[in-house]
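Novice: Sequence:
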Amino acid sequence: MDRALDHSPVCRQRWWWFSSWLPSWCPTSPSRLRKAEDRILQPLTQSFSRRHVSISNGNFIWTLIFNETQDTERSRVPVVLLHGFGGGVGLWVKNLAALELSGRTVYALDLLGFGRSSRPVAGGHAQEAEEQFVQSLEEWREAVGVELMILLGHDLGGFVSMAYALTHPHRVKNLILVEPWGFCERPEVQEFHCRIPMWMKALGKAMNPFNPLSLLRLAGPLGPLLLQTLRSDFKQKYSGVFEDNTVPDYLYHLNAQTPSGETAFKTMTVPYGWAQRPMMHRVGMLDPAIPISIICGSRSCIDGQSGQVIREMRPSSQTDIIVIRGAGHYVFADQSEDFNRVVLKICRDVNNGEKTEVEKNKERKEKRDEE
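Be aware that the sequence shown starts at 0, since it is given in numbering that gives the first Met the number 0, and climbs by one per residue.
Among the hints, a few may not be true.
Listed below are the simulated DSSO-like cross-link pairs for lysine-lysine, each with C-alpha atoms no more than 27 Å apart in a straight line [said to hold, decoys possible]:
1) 234 x 34
2) 34 x 344
3) 93 x 234
4) 34 x 93
Just so you know, these hints were derived from the structure itself, not from any lab.
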């Protein structure tokens with residue numbers, strides 16, 4: 000049960016030229032998103048808090064916190080969950096209770112520009128947009144007072160997790176990449192495991208100049224129905240928890256508002272959703288002492304070779320690849336019990352409280368300098 004009063008600050012958003020009519024055209028608002036989030040989190044019986052964590056420039060990161068009292072003891076490295084493109088904290092509803100049982104503090108964040116976090120103007124270039132995500136996560140960490148993290152990211156959250164670990168390696172104890180986006184380069188000849196219908200390719204080409212989810216907002220009052228129709232699979236993924244349209248409704252309100260994070264994502268891509276700055280070019284620069292666990296779904300349409308390539312690029316480092324049978328891209332929802340088991344095992348294997356090699360080397364250097 001949520002034990003914190005929700006005193007959400009008013010987010011002053013900068014709107015695009017068409018935004019003056021967008022709120023009245025789309026049946027959504029920040030208050031409707033809050034109510035949709037309340038509904039999707041209602042099945043959770045554990046005590047948790049949620050609040051906006053202030054960062055620079057008047058922005059804030061919306062945060063769910065489980066086992067918050069454990070954080071003061073510093074006895075266990077906390078787990079930090081970063082959702083994927085178009086997602087939010089509520090999509091972890093099938094995982095949060097199990098992760099809470101680990102005894103660690105568990106944080107679930109809405110990435111900057113998504114969910115109930117601030118929606119500032121996105122950077123104009125791919126590197127700038129990426130750095131915005133990384134900087135906001137570092138400022139959040141400082142504000143919360145976390146020293147080390149087990150960083151778990153899905154899809155876009157996996158890309159941000161890796162980018163953060165490259166920039167702040169001494170803050171990451173363990174990296175868990177769940178169906179990560181943005182690692183491989185766009186191939187010269189695109190060959191996908193899933194066949195894409197011609198009408199979908201044509202629609203994708205026509206919509207390429209626009210943000211990925213523009214159609215959802217342009218549909219106005221028909222937006223909720225459009226999402227329920229095109230992504231009916233989400234209702235099935237969470238059918239064991241909800242019998243109604245709680246999840247599609249939540250997804251609609253997440254993505255029908257100011258497209259800040261969505262614009263940042265668009266800035267970071269080339270046509271058909273490939274990353275402008277593929278992470279595979281930088282994986283070899285990651286601190287070799289940071290273990291990586293890559294969790295994939297056996298039925299996913301996302302490139303499944305990235306994990307093996309990452310492992311080959313880190314021959315002297317721990318890189319584990321876990322494939323969950325019967326799961327697609329949304330592994331944590333498709334096969335939540337198997338996913339929770341895998342993540343809990345990874346967390347148990349973490350040497351709690353022990354410094355990373357980067358921290359040890361830094362301490363040794365400082366000691367030598369003093370001598």
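Novice: Are any of the numbered hints broken by this structure? If so, which, sorted upward?
Specialist: Checked against the structure, the only hint that fails is number 2, while the rest are satisfied.
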